[in-house]
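Asks: Each chain, written out:
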Amino acid sequence: MYVLHSLWDTEAFYIWAESSALPLVNQGYSVSSEGIPAHPFSLPGKELKTQISRAFHLNGAKTRALILRIPSGKNGPLPSPWLLREDYISQKPAGLIECAVDVLALAPDLAAKFLLDLPIHPLKGVVYADSMRFWSRLALYSLELVAKEQFVPAVRERYSLWKAVMDETDLERLDRFSKAMPPSCQALRLFPTDKSSPKDLARSFVDGMADSLVRGSLEQLTLLPPKRGRRPRVIPLPQQFLLSLTSKDPTLEASTEEVAAFAKKMNSWISELEPKAVSVPFRTCFRLQAPAEEETWRLSFFLQAKDDRSLMVPAGEVWRTKSDALTLLKKSIKNPQEQLLADLGRAARLFPQLEKSLETARPAELEMETTEAYSFLRQSAPLLEQNGFGVMLPTWWQRPGTRLGVKLQLRDAPRKEGNAGSAFFGLNSVVEYDWQLSLGDYVISREEFAQLSHLKIPLIQIRGEWMELRPQDIEAAIDFFHKNRNHEMTLAEALHLGLNPAGHPLPEAKTTLPVHGFEAEGKIKEMLSALSDPSGHMKQLSSPLDFQGTLRPYQLRGVSWLMYLNRLGLGACLADDMGLGKTIELIAFLLHERETMKGPGPTLLICPMSVAGNWEREIERFAPGLKVLMHHGLGRLSGQDFEKAAEKADVVITTYSLAQRDEEELNAVSWGHIVLDEAQSIKNQSARQTQSIKRLKATQKIALTGTPVENRLSELWSIMDFLNPGYLGSFESFRRDFVLPIERYNNRAHSEALRSLIQPFVLRRLKTDTTVIKDLPEKTEMKVGYNLTPEQASLYAAVVEDMLSRIESSEGMKRRGQILAALTKLKQICNHPALFLQDGSPLEGRSGKLSRLEEMLDEAISVGDRALIFTQFAGMGAMLRHQLQEKLGVEVLFLHGKTSRKQREEMIQRFQQGSSPIFILSLKAGGFGLNLTAANHVFHFDRWWNPAVENQATDRAFRIGQKKNVFVHKFVCAGTLEERIDQMIEQKKALAESVIGTGEAWLTELSDDSLRELLVLRQEAVSNGSDSSDRSDRK
Amino acid sequence: MSPYWSYYEPAKPKKVENGLKAKSKRGCIGETWWSKRWVKTLESFNLGARLTRGKSYARKGQVISIDVNPGIVRARVQGTGSEPYDVVIKLKPLSDAEWDKAASTMASKAVFAARLLGGEMPQNIEEAFSESGLSLFPSKGRDLKTDCSCPDWSNPCKHIAAVYYLLAEQFDCDPFLIFKLRGRSKEQIMEAMRKMRSAEAVEEADGISRSSQDAREQFKPLEECLDCYWQGGGELDLLEINPRAPDVKGAVLERLGPSPFYIAGVNLAALLSKAYEKAGKAALQRATGETESKEMQ
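One line per chain: the protein sequences are W and P, in this order.
Be aware that the first sequence starts at 1, since it is given in the numbering used here, and climbs by one per residue.
Be aware that the second sequence starts at 1, since it is given in the numbering used here, and climbs by one per residue.
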């Protein structure tokens, strides 16, 4: 993996990378000419070019060496916290060391391109250090300034440049950015820390980005007026200046004095934009008052204290001051009259009507006509504000409710013949509505509107209140008239309008007019209020009669919610945290539906291969009445046979890869539901598998996932597109309206709007929710089912055969030894073939158990959980550490027999603090005295066939003082010894420990036949090929 | 002892290092209305070719120094002779009584003080002076007394014209120089106007609070940041960025007003407006992601 770092030295942008593959300490003599050691694990220049340059399309970036000051320990520079290594235990930095580091040097224009195109989610194997994230956010900030046209040309030395213009709020944001600058940004050895501040450095960067962005977009543009005649030998500076502002070459050709004189004049012209000196405690402020009856608009002038905006001195009072200083609440203004006068003079340029009041000796206010007031509100007020003046406007201005908008009244569409009695709405069902135009709270008739639109005055007074009537709103209203003659919209459109009362513009919304009022009647009213607040309106159901078990209260709420959306015919995403019991919620829901509704049709359940068996067993356990058809493996039904069998079944279980391969068969059945387990599997919307699944039809679709879907927007879109097609618009519009604003720009308004849109369809409860936590036991134990890969299965069968043939002819100690040895081998094979073979072969995709663990850990750490993993095999621990670190990109700790006491203490501390979310412990080495209460998941990767030993391990996470609920996951592969020994332990739990003893020796006392029964591999254990290998044979 | 033919050979002035050069390269000198107004007086003298030569002297940098004092401008100009010539331009300063009259007229309208404080000469200042029966700018030739140590008989000569032009440019930057020439500093004028607005001023000690001085945050020495060396502040993820179209189109140019530069009669500010529109739009497009596609893989 690479960790990308970056630096800015006011002229160029540098990228360097740490690599986990390079040794930590210098081997050999790589010392630069200055006697400065080379950084041992930073990517050398050549590789920067081949790896980084290529991946990010940075042709034109040059490599060079910089000398950086980096925190160091005893043996040289320390890795940054993002670099995951296997040979490293953290050290506290003792000081700084100077190292030569190879970097890619980017000119500002290339840097702008790189940073603005930087993928939000890093490519695989790449991590962004904070410095990289810092500069890329600052580049986006610069982009915002340029988009808002906040830039200005200037002259520096002999060059023309564009720089950013920032008003007070922008500067305040820049200040907050600067405070977030990682100290590593000043790593350059010769960095002039005493002469500049983080804000200066950030500012120079923003200016550099602004120059690149503006210049880059003006390449084809000529600012000069068309020329006549011959080109003069010497081009005057103003002309040169304009030419250079749109070209790559910013140089001005003239004598030094001429350029200096030009620069002085130019820069003094633009100095008007600089925020005024902060040392002046007062500024001039304008307050606009709307007229009461028979009066005119009034703009009054004040001096206003900058740090206490409520402190305002009316101009009249300023003119009456006799001294040359005005003191108010310990703040004094020198020559207040002059300040006010100078300010009024400056302001008059932005608001020419002011001239009128300057004709008097002591101007204190200005009276205005409505049209003048409007131009003040629209044009001058923002300009004055940007120039540092205070502006106080009437409160109705820019309050959303005072614009032209629509009020909607929704009602149910009359049922069409033959459709009566259907309980289903569906998102595409039609809703009728009436609409009226409104201004503020007032409904206006078409006649009134016609009159108003002819007034051509953008400010109007209706029943004593002032409103703005924008020309574009009038056009939108006329457009709305034309488009909405049929008074019908789909339920999806109604939901968009009803669920988003803030009037935030939505993708593909009906109109740009704000929705001022939204009323509904009949069923649609019930439904809207229920959807916007399910908890208040949902009927709480009781546990289905046939359910073999007990549902916790929050699980019953989940079932009720699924039933509710089912009745409405809307897709539902149940996204409860891992461990809360989505599986049994769904099973209870299916039972409930069968108890209360007629002939719901079979349910198609699509899940990863690794959990298919688990589903079958869970349904068998909690709802034995449901008929299950497993549709996988070579012997699966096809064609008409399948169709018939499926129609008779309650639940048909299949896998993602088969859903694509057998799409035709699956489409022949009319499904009551299609349920996706681990629904994040369809996050890649362009994958054929995803597309096949989206083509399947059902009365209602349900998605189950434990990942925080609300944070993974493209995944969310794909799942919603499966559940309720079209509801979130096309992916392109969704990306424009939500993904970019939320993921790239942290826009809260958009994320709020999205949240309210999806909220009716996504139920996500966390372990930490107060309503859930009170229902949860402190310790929840779960069996995690998985399947063996074909490789695992054949190794397993071979070992069992071998052992059985041996023990036939042996007895006593020898027999016991052979049995124990075989048990160990079988455990190893279930863990991973590479553990059994000891051949250091690659790990990926060969162990069903490991894949399942990866999936579950991914889910757990994505919500900030921390996990302990116990294994009996030190070798397995090392493999897990390597694999998990690579796949999950987080630091993984591993405690084993050879870990020193000191390292152990440090690991425990790191885990408890949260620096590493995953801690692997070899069961024997775990020993005692470990206090790992930060964990809320415990995984028993392999089983110690002794509950007492396992419980002791579990208790490490579960101690007094533990505030979290702990979930204990035990891996069990159906059809193998794991399942059968697990069953035996469950059955014998009631017996005293004397039966089982303290070890596994009791197993050796079993008869040959019992052993055969115990160990022999059954068909169900194997997945016939992993999901990925399935895919290939389609072609 | 110059040979006789030197009368016929067009004489070239001696080159001056670091002379005061007029900034404008062609066309008229002086950009603001008041400096133009100043130049107009000179041009009303009908100087003919001397005017053009004076202009070119001003542009070549033949004027070595200019010193403006109440009632008198002294300058040194390098001509064809070996030593620079001394130029004197005299304009009678206004008397205290005349100034008081002018101040009281100006104090009656806030616009005068407002403009002057903003570094601009109020357009109707001449009215304010003429209302009091005065004139701020020289109106007739005899208002100006000029003298030059050059051998040229005609007055004003090209050396005087050169100084006159350069003065115009100096007035561009600092309109108060005209007042200085007429006998009053900026402070004196503002003071007088303030007196007229309120009855009496009481001297008070400098009471400007300096508490809100720009306390700039310096870099913390890297040695003190070992534990947080790599990490950025937590605010980084919270800061919202909101690329959008400007509230007011071309706001920066509106705020700046016309620039001191013209190209073919068009103000530089007007020529820049295209750049704002285009670059702003391009940035907005880029922000809404029309260009990227790599992310979705």
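The set of hints was computed from the structure by calculation and includes no laboratory data.
Just so we're clear, the structure is a prediction, and the values are computed from it rather than from any experiment.
Treat the hints with caution; some may be incorrect.
Said to hold, decoys possible - Below 30 angstroms or equal to it, Euclidean Cα-Cα: the simulated BS3-like pairs (lysine-lysine) are: (1) K109/P x K334/W; (2) K265/W x K15/P; (3) K199/W x K278/P.
Asks: All the hints need checking, so say for each whether the structure fits it.
Replies: Comparing the hints with the structure gives:
Under the criterion of a C-alpha separation no larger than 30 angstroms, the hint pairing K109/P with K334/W is consistent with the structure, at around 21 angstroms. A threshold of 30 angstroms between alpha carbons decides the hint, and for K265/W with K15/P the separation of about 26 angstroms falls inside it, so the pair holds. Distance restraint check for K199/W and K278/P: the Cα-Cα separation of roughly 29 angstroms lies within the 30 angstroms cut-off, and the hinted pair is therefore satisfied.
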